[in-house]
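Participant: Letter by letter, the chains look like this.
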Amino acid sequence: MKKINTGNKKEHAYETREDVGAITRYIRRKISWGTFRQPLSILLMLIVWHLLTTYEAPLFKQVPKPLEVLNTAISSVPTEAYWMHVLYSNKRVLSGFVIAIATGVSLGLLMGYRTLFQNWTFPCFEVLRPIPPIAWLPISVIMFPTPEMSVTYLVFIGAFFPIVLNTLLGAVTVGENYKRAAMSLGATPKYIFRRIILPGATPSIFVGMMVGAGMTWEMVVAAEMIAGGLGLGYMTWDAYVVIAYPKIILGMISIGICGAILSGVVRLIGNKIMPWRQLF
Amino acid sequence: MAIEYIAGEMEVRGVYKSFGHGKEALEDVSFRLERGKCTVLCGPSGCGKTTLINLLAGYIVPDRGEILLDGEPVTGPSWDRLVVFQESALFPWMNLWDNTMFGPIVQGRDGKEAEEMARYLIDKVGLTGFEKKFPYQLSGGMQRRAELIRALINKPKVMLMDEPFRGLDAMTRELMQEYFIKLYEETRMTVLFITAELEEAIYLGDIAYFMTVRPGTIKKRMEINLPRPRTYRVMVTTEYQELESIAIKVVDEEAVKAFHLLRVKAGLEPAPKKKVE
Amino acid sequence: MIEKIKEGHIVVKNVTKVYDPYGVNVHAVDNCSFEIVPGEFMAMVGPSGCGKTTMLNMIAGFDTVTEGEIYLDGELIASAKRKLMPGPDRMVVFQLGALFPWLTVIDNVCLGPKIQGKFSNEKELKEKGRELLSVAGLEEFENTFPMNLSSGMQRRVEIVRALMTEPKILLLDEPFRALDAMTKSVMHRYLLELYDLTGRSIMFITHDLREAIFLASRVFIMTTRPGTLKTMLKIDIPRPRSIDMISSKEFLMYKQELIDVVHEEAVKAFERGERELAI
Amino acid sequence: MENRAAEIIFEEVEVKKRKAARKEGAKTLIIKTLSIFAGAICWYILSHTIMTKVPDPIVTITGTIETIQTPWFYKSIVYSIFRVFTGFCIGTLIGLPMGLLMGWLRVFRDFTFPVFETLRPIPPVAWVPLSILIFVKLELSIIFLPFLGSFYAIALNGKLGVEQIDPSLFRAAKCLGANRWQVFRYVVLPGALTAVFMGLAIGMGMAWITVVAAEMISGEYGIGYMTWQSYNLIRYHDCLLAMFTIGLLGYGSSSIIRMLGNKFLAWKKVY
Chain A
0 MKKINTGNKK EHAYETREDV GAITRYIRRK ISWGTFRQPL SILLMLIVWH LLTTYEAPLF
60 KQVPKPLEVL NTAISSVPTE AYWMHVLYSN KRVLSGFVIA IATGVSLGLL MGYRTLFQNW
120 TFPCFEVLRP IPPIAWLPIS VIMFPTPEMS VTYLVFIGAF FPIVLNTLLG AVTVGENYKR
180 AAMSLGATPK YIFRRIILPG ATPSIFVGMM VGAGMTWEMV VAAEMIAGGL GLGYMTWDAY
240 VVIAYPKIIL GMISIGICGA ILSGVVRLIG NKIMPWRQLF
Chain B
0 MAIEYIAGEM EVRGVYKSFG HGKEALEDVS FRLERGKCTV LCGPSGCGKT TLINLLAGYI
60 VPDRGEILLD GEPVTGPSWD RLVVFQESAL FPWMNLWDNT MFGPIVQGRD GKEAEEMARY
120 LIDKVGLTGF EKKFPYQLSG GMQRRAELIR ALINKPKVML MDEPFRGLDA MTRELMQEYF
180 IKLYEETRMT VLFITAELEE AIYLGDIAYF MTVRPGTIKK RMEINLPRPR TYRVMVTTEY
240 QELESIAIKV VDEEAVKAFH LLRVKAGLEP APKKKVE
Chain C
0 MIEKIKEGHI VVKNVTKVYD PYGVNVHAVD NCSFEIVPGE FMAMVGPSGC GKTTMLNMIA
60 GFDTVTEGEI YLDGELIASA KRKLMPGPDR MVVFQLGALF PWLTVIDNVC LGPKIQGKFS
120 NEKELKEKGR ELLSVAGLEE FENTFPMNLS SGMQRRVEIV RALMTEPKIL LLDEPFRALD
180 AMTKSVMHRY LLELYDLTGR SIMFITHDLR EAIFLASRVF IMTTRPGTLK TMLKIDIPRP
240 RSIDMISSKE FLMYKQELID VVHEEAVKAF ERGERELAI
Chain D
0 MENRAAEIIF EEVEVKKRKA ARKEGAKTLI IKTLSIFAGA ICWYILSHTI MTKVPDPIVT
60 ITGTIETIQT PWFYKSIVYS IFRVFTGFCI GTLIGLPMGL LMGWLRVFRD FTFPVFETLR
120 PIPPVAWVPL SILIFVKLEL SIIFLPFLGS FYAIALNGKL GVEQIDPSLF RAAKCLGANR
180 WQVFRYVVLP GALTAVFMGL AIGMGMAWIT VVAAEMISGE YGIGYMTWQS YNLIRYHDCL
240 LAMFTIGLLG YGSSSIIRML GNKFLAWKKV Y
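Protein chains in written order, with numbering that gives the first Met the number 0: chain A, 0 to 279; chain B, 0 to 276; chain C, 0 to 278; chain D, 0 to 270.
None of these hints come from the bench; they were simulated from the model. Quick caveat, the model's predicted, so the values are computed rather than measured. No residue lacks a Cβ here, since even glycine has one placed at the ideal position from N, Cα and C. One thing to keep in mind: the hints can contain errors.
Unchecked claim - Straight-line distance between alpha carbons at most 20 Å, and here's what the computed EDC-like set of lysine to aspartate or glutamate pairs gives:
| # | chain 1 | residue 1 | chain 2 | residue 2 |
| --- | --- | --- | --- | --- |
| 1 | C | 248 | B | 198 |
| 2 | C | 80 | C | 106 |
| 3 | B | 22 | D | 10 |
| 4 | A | 271 | B | 97 |
Unchecked claim - Covered stretches of chain D (in silico footprint by chain A; criterion: 3 or more residues with CB under 8 Å from a CB of chain A, positions within the stretch not fixed):
| # | segment |
| --- | --- |
| 5 | 8-21 |
| 6 | 235-244 |
Said to hold, decoys possible - Example chain D residues on the side facing chain C (calculated, C-beta under 10 Å, incomplete):
| # | residue |
| --- | --- |
| 7 | 171 |
| 8 | 178 |
| 9 | 186 |
| 10 | 258 |
| 11 | 262 |
Only chain A is shown next, with the shape it has when bound in the complex (with noise of 0.2 Å):
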């Protein structure tokens, strides 16, 4: 097959041409009012809570203004007592959520691989799931020796049930034609599990990931909450006992942000170590 030439001349005329309409049709979309309204609507929303709290409108009597907030914000974000707590939150959440996934997928991927297996600890699985983790709470404490430990496990509980699912899923669902492709090939079994079976799994686990880190702030603010001692949902129902309400606000931002953080990095790590999928 011949190459074609590509240098037009009417086609090359026309580009030009339209280049400086582009150019301008660009700008337009830039600083067109679309651009404004996502920004707008978080403005607006402060300014919503703002005028809710001054005006101390039905509801919001007790509700901390935005202002207070920042205050309270600048004045006790460099002490080190808050950083102590985002420190504990943060290193419980770490490590219950790199146990889970370090059984969660192992077990997954056990399940989905050997039948016999599955059939031994499926039913099992099928019993506990439906407990919110959260119910497992006194239990924990009853469990292990210490307070650590229970909230450690807390949060491993809250995320190890959407691992387990969603690798078992992604490792049963991967494409037979895929398997069938490298056994013609003459790949071993082995091979197949590694190189077929275990990335054709991952998008599927890091969904699960995904879920599973959600999971995680939930229980460990729960936990905190409840039982006390160190750590950013301590703070937060701490001030809400001692009557600081503004801090109550500030520790739920510090949450969101703390959460948000760590789906970003599970997302993160997830598109780079796929770069054969388009998005994640």
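Dock chains B, C and D against chain A, hints included.
Facilitator: Chains B, C and D alone, transformed into the frame defined by chain A:
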């Protein structure tokens, strides 16, 4: 550089396959894939063509009958019979190069020779410069060609192609067929090409078999004596048209039958009564 | 054919379309002019990405025109300044189908008149729907949901739904693309039957030259992007047409005349597509 | 005839295959039942070796029989169900229209979605103190949590559901002459229904999780409160009973939603 292929010969003898009551796929199918010929199997959708490919590749075993490669019975999947799948089965997590080299690597012959061969084949189908791209970054036509060379690099004795160009638009499909003809005419390997399109069957094949609807059997055998090397111009010759009009009649009958079967499935007509003697 | 249809006259005058998503120009259609006579079956053949679908979208009112005008029965429907909203006078049948999966076949078919309020009583409407469905060989499937139909049947239901609203022109956007060859040949038969019965103008977009010659009264060949008209050929094969036509001499003659042009454009479009991917 | 011969062959094969499948099925069932027992045995061993405070299965069962005869247990259940139900209903009433509109109208999405995304990383449990400040009344502040938990899931899935609708369906509706309201009625609403029911099921799960947390932290009555209170009263077997009861209730309410979904989605084979 040209690659030496050893063409194989396959024979299917009286094969039956069923997936449960009412899901009989193949009934007494027998045919031969002649050495160095391109055999085309043509039938309506759902006639058990894919089942047949799976049987020949060794992914499933027939309920009855035998499948022979060069006189030896087929026992399981192996790289002397390679399948090009209907939907692309390129591993999405490997780039084009890794996909191509997958076969040589798992077979433990990933030397210089294999790499040279991969480069030669990639160039042959016009994919040079795309080696580091992942499948999702390739167009549909490119993916099909990549899959073709992933199979070819293993020097299979028989190539099994399961509607490889399905889903491409008519024009891209025509160009893909040209690539395929070029590769085939150079290598002269044994090919089984499955398709639902008549034009494709006559354009590509040396021998065509037409299948009936489920449970599938061979209905008609047709020799296609169009000259080789072929180009797209062959499609506007009178010989081609004659072959096509014969084939159309055969296929049209089956299409009407398939339509009837659909209505039976929807419960609108009673199933054909079983003849009991 | 029942009566001579006087509606559905499309005139496309020097139409140009330039997309610029993210400031990058894509010149889709370039200075394209043609005409569809009332009651004509027109087929447009061109490689993928040549602007056929854009052309259709502009006529249907989904896309704006950058330059030039489009008229329907003398009324300006699209120009750089104005665009008539899509409406039931220009019905589109989509590439991959757009049946509402949550409605049964008969409800889908009757949806158009129902939405427009153009029906006196429900029973009559359904009767009419059933009549058209039976022409398409689908009378028994009226209470089935689309997902239980084969894709060929789904496409037929869609054509019937389009015809129910009595459009001035029917715009078919590669409706048979995803179907296998055998289903396609069945579809052609039903489409021709429906065309002979209703006599509406049809604009049919396809990649497949054979299909175009078989169905249409006139075949337009588009060049690759920026798309414009390359050649036009009148197909003088009498109607009603049947499958035997494919083995006729005229058919081969028309095919011989067009195959080189189409092949050349296909190669051009293909190489261009690969070059763009390599960047 | 030949056909007849083929039938006999197929029949023979069929019988053989069915026998093998039945044998396999029976084996799997036995293993599955045994695995539950194995789990119970593991529990027993653990409770007698490492985790000595945890009651073993026998103690739990005898304790359960005792507890389910008290009115306290049922009162707790009724309270929790009431809270979940109320919160969930309000969550649906607000979340569903909001989600659908977010998916459908760009302007609405641009104004609301950023706020939504900013608030979403904050886990519902973290709202407990603020919710007490806002609602003052205990009952209301507890109901706020299941509302919040279900709201996010329902709104988000509604939005996704609308976004997943094939754009050619919108075009088809316009072609058929539909106005804005008709597009909503004939396309947006039914098209998003699958995802909406998915969201309802997830939202129901979240409602149970959050209600348990809220009751543990600040509740009086309710099954979450019962769990925590039993711990304080050193009636550990009641903790376990409450845990399993919550699981059962959550599972049951999700099943109800799934059943409703199957009823509404007759045009879809699987859900």
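Participant: Hint by hint, say whether it matches the structure.
Facilitator: Hints versus structure:
no.	hint	verdict
1	248(C) <-> 198(B)	holds (17 Å)
2	80(C) <-> 106(C)	violated (37 Å)
3	22(B) <-> 10(D)	holds (12 Å)
4	271(A) <-> 97(B)	holds (18 Å)
5	8-21	violated (count 0)
6	235-244	holds (count 6)
7	171	holds (4 Å)
8	178	holds (8 Å)
9	186	holds (7 Å)
10	258	violated (18 Å)
11	262	violated (13 Å)
When held up to the earlier numbered hints, the structure conflicts with 2, 5, 10, 11 and fits the remainder.
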